[in-house]
Amino acid sequence: MGFRIENHLLDGAIHCPSPNWSERESGDIVDLLVIHKSAYLQVSSRLAV
Numbered sequence: 001m002g003f004r005i006e007n008h009l010l011d012g013a014i015h016c017p018s019p020n021w022s023e024r025e026s027g028d029i030v031d032l033l034v035i036h037k038s039a040y041l042q043v044s045s046r047l048a049v
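Residue numbers for the sequence shown follow the numbering used here, beginning at 1 and rising by one.
Don't read these hints as lab results, they were simulated from the structure.
Accuracy of the hints is not assured; some may be wrong.
Label pairs and their in silico Cβ distance ranges [unchecked claim]:
1) Glu-25 - Gly-2: 14 to 22 Å
2) Leu-9 - Ile-29: 29 to 37 Å
3) Asp-11 - Val-34: 13 to 21 Å
4) Ser-22 - Gly-2: 24 to 32 Å
5) Asp-31 - Leu-9: 15 to 23 Å
6) Phe-3 - Ile-29: 13 to 21 Å
7) Val-30 - Gly-2: 13 to 21 Å
We put the beta carbon where it would ideally sit given N, CA and C, even for glycine.
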């Protein structure tokens, strides 16, 4: 299964902003992405690379 990122978001996912976030410093690298399966996050099985 492939995924496509559009506008910094996973295509097909519903964006539910968290109140617990902050800007990363310039040059920071994301090395972990956690996606919690819930009623609020639905990822389509039709995602493509």
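Hint check:
no.: 1; hint: Glu-25 - Gly-2: 14 to 22 Å; result: violated, 30 Å
no.: 2; hint: Leu-9 - Ile-29: 29 to 37 Å; result: violated, 18 Å
no.: 3; hint: Asp-11 - Val-34: 13 to 21 Å; result: holds, 18 Å
no.: 4; hint: Ser-22 - Gly-2: 24 to 32 Å; result: holds, 30 Å
no.: 5; hint: Asp-31 - Leu-9: 15 to 23 Å; result: holds, 19 Å
no.: 6; hint: Phe-3 - Ile-29: 13 to 21 Å; result: holds, 18 Å
no.: 7; hint: Val-30 - Gly-2: 13 to 21 Å; result: holds, 19 Å
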